Amino acid sequence: MSKFAKKKDGELPAVSTASLPDIVFMLLFFFMTVTVMKDSSLKVRNTLPVASEIKKLEKKDRVITIYVGAPDAQYEKMFGTEPKIQLNDKFSSPTDVGDYILMERAKKSQELQNVLTTSLKVDKDANMGIISDIKLELRKVNALKVNYTTGSGDAFNNLK
Amino acid sequence: MARRLEAPEVNAGSMADIAFLLLIFFLVTTSIETDVGLDRMLPRKELIKVPPVIAERNILPVLINGEDQLMVDGDRVELNELKGLTIAFLDNGGASRESDNYCAYCQGNRDMKSSDNPDRAIVSLMSSRQTTYGVYIAVQNELMLAYNSLRDRESQRRYKTDFTFLEAAYSSSETPNILKSEIKEKMRSIQKLYPIKLSEAARQ
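From first to last, the protein sequence lines are chains A and B.
In terms of the numbering used here, the first sequence opens at residue 1 and continues consecutively.
In terms of the numbering used here, the second sequence opens at residue 1001 and continues consecutively.
The following block holds chain A by itself, in its conformation from the complex (with noise of 0.2 angstroms):
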């Protein structure tokens, strides 16, 4: 009779999975807005440098990146070991950048191709020469504006 009647015993209640839903979708739109659709495969080894007097890169239709790095072991046979560059999905040539900045510029639309940032994505083992080869092609093809992306972080870590 009373409205406190104990349950019988060994009759566990079920978790309720009602608010299953609601957590996964939590998790997939975190994941939805903190992350970028994925436009080229990585074929080099790129472990970036860290910083510590950074700034964020700006909103991404006006970069374009540039890996540098090492060849990724199952490319390793056919390309060596020494840092290359990635443009797009293929390996290439310095003398290749300046062909591709221009490329890159004219897909994009008119206001934008004066405020283009180029990202440089490096491996911090390659080394400056491939760099200073970037560069001069990027001075080339006037584009002066250069990010060196790193990470953040103690820049004394770059060292080890």
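Any given hint could turn out to be false.
DSBU-like, lysine-lysine: derived pairs with alpha carbons at most 30 angstroms apart [stated by the list, open to error]: (1) K1184(B) to K55(A); (2) K90(A) to K108(A); (3) K107(A) to K1045(B); (4) K108(A) to K1180(B); (5) K1197(B) to K140(A).
Which chain A residues face chain B? A few, computed with CB under 10 angstroms, are given here [claimed, not checked]: (6) I23; (7) T35; (8) T117; (9) K135; (10) L136; (11) L138.
These are calculated hints, taken from the structure and not from any lab test.
These figures come from a predicted structure and were not determined experimentally.
Just so you know, even glycine gets a beta-carbon here, dropped at the ideal spot from N, CA and C.
Mind docking chain B on chain A? Use the hints.
Below, chain B without anything else, positioned relative to chain A:
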């Protein structure tokens, strides 16, 4: 008959599966990108017929060799000394009180053998082709740190805020436009006091 009035409940049990499917799709096709870094402007490609004459005292040569060793102004130094040396050089203000180049806001040693004033002081960064990129970035970072700390000091003195804070406020989308022009004005004045004059060259 009354039973028909209450609508049957939609089974939401499969909702979680659908959401998981979407979640996994986004996990696979996207990546978290690093979108921060050191901003630099490359010099224009122009043929300079006559190189400008710059007194040697106004140049701070920073060399990184192929073994990632650092040399500043002729002495072999460690990376953690670089910031202090750069600040001492930039903030020296060696020009005499009577000359036009006198630097009123400098707090350096006023050494006649070092730079005249921050506007004339040039840091010349030279790297070898064998230099490791990580070390190069670390050096660039230390140089930026030197400039930023001087700018911060001057900004503190004049406007009671850090320069880096002004920069962040300027690029933030939450700052109203009216404030932005004021911030820009302040940033300009600080940048004028300590302009970043960094020359880069690669040596074979």
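These are the hints, each one checked on the structure:
Our distance criterion of 30 angstroms between C-alpha atoms is met by K1184(B) and K55(A), whose separation comes to about 17 angstroms. Restraint check for K90(A) and K108(A): the C-alpha separation of about 21 angstroms stays at or below 30 angstroms, so the hint holds. The suggested pairing of K107(A) with K1045(B) holds, with an alpha-carbon distance near 24 angstroms, which does not exceed 30 angstroms. For the suggested pair K108(A) and K1180(B), the alpha carbons sit about 28 angstroms apart, so the restraint of at most 30 angstroms is met.
The suggested pairing of K1197(B) with K140(A) holds, with an alpha-carbon distance near 21 angstroms, which does not exceed 30 angstroms. Because the beta carbon of I23(A) sits about 8 angstroms from the nearest beta carbon in chain B, less than 10 angstroms, this interface hint is met. Look at T35(A): its Cβ gets to within about 4 angstroms of chain B, closer than 10 angstroms, so that hint holds up. Look at T117(A): its Cβ gets to within about 8 angstroms of chain B, closer than 10 angstroms, so that hint holds up.
Hint status for K135(A): holds, given a least beta-carbon distance of 6 angstroms to chain B, under 10 angstroms. A distance limit of 10 angstroms between C-beta atoms decides the matter here; for L136(A) the minimum to chain B is near 8 angstroms, and the interface restraint holds. The criterion of a C-beta within 10 angstroms of any C-beta in chain B is met by L138(A), whose closest approach is roughly 6 angstroms, and the hint holds.
Violated hints for the displayed structure: none, as all numbered hints are satisfied.
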